[in-house]
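As a plain string of letters, each chain reads:
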Amino acid sequence: MRPALSADAMRLAIPALSLTVLLAGVFWLQPRAMSYVGLNLLFNLAVPIALATIAQMLIMAVNDLDLSMGTFVSFVACVTATFLRDAPLLGTLILAGAVLVYAVLGVVIHLRDLPSIVVSLGMSFVWGGLAVLLLPAPGGQAPDWARALMTTKPPLAPIAIIASIVIALVAHLLVMRSSLGVLIRGVGGNERSVERAGWSVLAARAAAYGLAGFFAVLAGIALVGLTTSADANIALRYTLLSIAGVILGGGEFIGGRVSPVGAVIGALTLTLAGSFLSFLRISPDWQIGAQGVILIIVLALRLFLNRVEKREKGQ
Amino acid sequence: MTIRKMLMASVAVACAAMPVSALADTSGKKIALSNNYAGNSWRQAMLTSWNKVTGEAVKAGVVAAADAFTTAENQATEQAAQIQNMILQGYDAIVLNAASPTALNGAVKEACDAGITVVSFDGIVTEPCAWRIAVNFKEMGRSQVEYLSKKLPQGGNLLEIRGLAGVFVDDEISAGIHEGVKQFSQFKIVGSVHGDWAQDVAQKAVAGILPSLPEIAGVVTQGGDGYGAAQAIAAAKRPMPVIVMGNREDELKWWKEQKEANGYETMSVSIAPGVSTLAFWVAQQILEGKEVKKDLVVPFLRIDQDNLEQNLANTQAGGVANVEYAQEDAIKVIEAAK
Chain A
0 MRPALSADAM
10 RLAIPALSLT
20 VLLAGVFWLQ
30 PRAMSYVGLN
40 LLFNLAVPIA
50 LATIAQMLIM
60 AVNDLDLSMG
70 TFVSFVACVT
80 ATFLRDAPLL
90 GTLILAGAVL
100 VYAVLGVVIH
110 LRDLPSIVVS
120 LGMSFVWGGL
130 AVLLLPAPGG
140 QAPDWARALM
150 TTKPPLAPIA
160 IIASIVIALV
170 AHLLVMRSSL
180 GVLIRGVGGN
190 ERSVERAGWS
200 VLAARAAAYG
210 LAGFFAVLAG
220 IALVGLTTSA
230 DANIALRYTL
240 LSIAGVILGG
250 GEFIGGRVSP
260 VGAVIGALTL
270 TLAGSFLSFL
280 RISPDWQIGA
290 QGVILIIVLA
300 LRLFLNRVEK
310 REKGQ
Chain B
0 MTIRKMLMAS
10 VAVACAAMPV
20 SALADTSGKK
30 IALSNNYAGN
40 SWRQAMLTSW
50 NKVTGEAVKA
60 GVVAAADAFT
70 TAENQATEQA
80 AQIQNMILQG
90 YDAIVLNAAS
100 PTALNGAVKE
110 ACDAGITVVS
120 FDGIVTEPCA
130 WRIAVNFKEM
140 GRSQVEYLSK
150 KLPQGGNLLE
160 IRGLAGVFVD
170 DEISAGIHEG
180 VKQFSQFKIV
190 GSVHGDWAQD
200 VAQKAVAGIL
210 PSLPEIAGVV
220 TQGGDGYGAA
230 QAIAAAKRPM
240 PVIVMGNRED
250 ELKWWKEQKE
260 ANGYETMSVS
270 IAPGVSTLAF
280 WVAQQILEGK
290 EVKKDLVVPF
300 LRIDQDNLEQ
310 NLANTQAGGV
320 ANVEYAQEDA
330 IKVIEAAK
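The listed protein sequences correspond, in order, to chains A and B.
Number 250 in numbering that gives the first Met the number 0 belongs to position 251 of the first sequence; there are no gaps in the numbering.
Number 292 in numbering that gives the first Met the number 0 belongs to position 293 of the second sequence; there are no gaps in the numbering.
Just so you know, these hints were derived from the structure itself, not from any lab.
Hints may be right or wrong, so weigh each one.
Residues on chain B that point at chain A, a partial pick, calculated with CB under 8 Å [claimed, not checked]:
1) Q74
2) A79
3) Q83
4) D91
5) P100
6) T101
7) K108
8) E109
9) G190
10) S191
11) H193
For clarity, every value in this text was computed on a predicted model and none was experimentally measured.
By construction, the Cβ of each residue, glycine as well, lies at the ideal position given by its N, Cα and C atoms.
Please model the entire structure based on the sequences and the hints provided.
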């Protein structure tokens, strides 16, 4: 018997299902959310998280982990609210330089065979320090175009939904359809065979890190577009949120098994879980624990389905 | 039929004739408290005061609901999401103690655009559409010197105890004290130590600097350090100067003991955690249709010789003197700002 769904579709089914269930729960608790404005309010803060999750996913695709994601996005937010507004050219240069630093980190990690966790943990202090140097006190102002982009009201669907779909599509084309994406996932899956096939693993890793840096920069800009100004500690939570988003969306820590569409859905699910618990009026002391319970339920479901999938393949 | 029509017409006329400034009824309005942190005694007292005062207001039918929400983590992005959830929940006003003065501006703007009144206090936000109830720390420092100038018109030497170095509040209070010394030039600051707003640190710091100081007439403080200073000075067997206190329970207790033993006189000043209830009433007044200026100032909670016992009796052991505000207090603050 052939499985009804391909493995990839299966991988997506669980996050999509959990998002639907949560969304139904939110609509039931708060019918007001079932509107153009309501959906935008529910999801607009998920847009920067989705971008950061894609960035984290690219790094996880090459079997690495980035623990500096939160501080890096904070740093980008500070650059966006200061230089990118007052001196766009200089701001763009700084952000391009930051992306380059990410690519260089990939090279260093590969050449020296360093554990990415240690390198990125170290870098998190560098980014955090730079952010505080840029904005010792909270402030700055979002560039008008970033603000306009994040608050546009397109017809049919709110910007938060459209942005999420665009991010998912672009990331899908990049990671699942382009040859570069195949190469990056190949490094995560079997580095040696990629090397033997004549590809440069070094270049693939550098590209993965550079792309991750680029998506993280977009996350910072989107965040400032929403908040209107920055704070050196604005996005510290993004490190763990982005990792949780990737896993929730069907990705794995090793083996180059990632799903960009799943990652975006994972980020949306995480954001929605917070709202759901808040609408349920669960006391804040229990909220983190309850969020953990939701994560565990989704992951347990996935393990269960994985097992079913294997059994069917075995038949 | 005609009577009904006449009645309706008269109602219509009455409605039309009502002055524009007529106050709206707030009994159907819902107010939410968005709080970013609950991990110290001040914040705990703040939440307790909120629950007590708003609970009574809800029971009395002044507002329909006044729910308190605290974020699980002290993070601006989380509080922004919390505020957006409140918009969806249909609150009419949000009272806000913010994790960041700027990072919540986007969410606050969304709330304003949805027609929601946002009143920030203590941790205020810079978004122009929100109201701010801020603490004038400078004045808190200056008023100490002003009190001393009345108590000791001949002036003298002052010892300044500062807070935690590098914190905004410490700089502000200290700047106020120095302004006061400039204004009342009979005083001179002869020494300055950092007490970190903690009695044990202050005691050590004062004990360390005392031997190098001439006679001191007064000690200006920032709160949480007066008792430690008194202990250090008593241990050095020096004459007791006038130590300005900061409303902490141990400070008030020591003051009361001294007052009973030798008629010791001083004053005590700080911000009451009950300022959350002031913000609640200000939000209620705005919902009622009152014209309120965007920037208001929190009144200090000042304790003097005659109301010491009463305040001490109301202060929990190890806590801070508190006061819960009533609607009239909010009206007074609003009037004062005009």
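Each hint, compared with the structure:
| no. | hint | verdict |
| --- | --- | --- |
| 1 | Q74 | 5 Å, holds |
| 2 | A79 | 6 Å, holds |
| 3 | Q83 | 4 Å, holds |
| 4 | D91 | 13 Å, violated |
| 5 | P100 | 5 Å, holds |
| 6 | T101 | 4 Å, holds |
| 7 | K108 | 7 Å, holds |
| 8 | E109 | 7 Å, holds |
| 9 | G190 | 29 Å, violated |
| 10 | S191 | 24 Å, violated |
| 11 | H193 | 20 Å, violated |
Consistency with the previously given hints fails for numbers 4, 9, 10, 11, ordered from lowest to highest.
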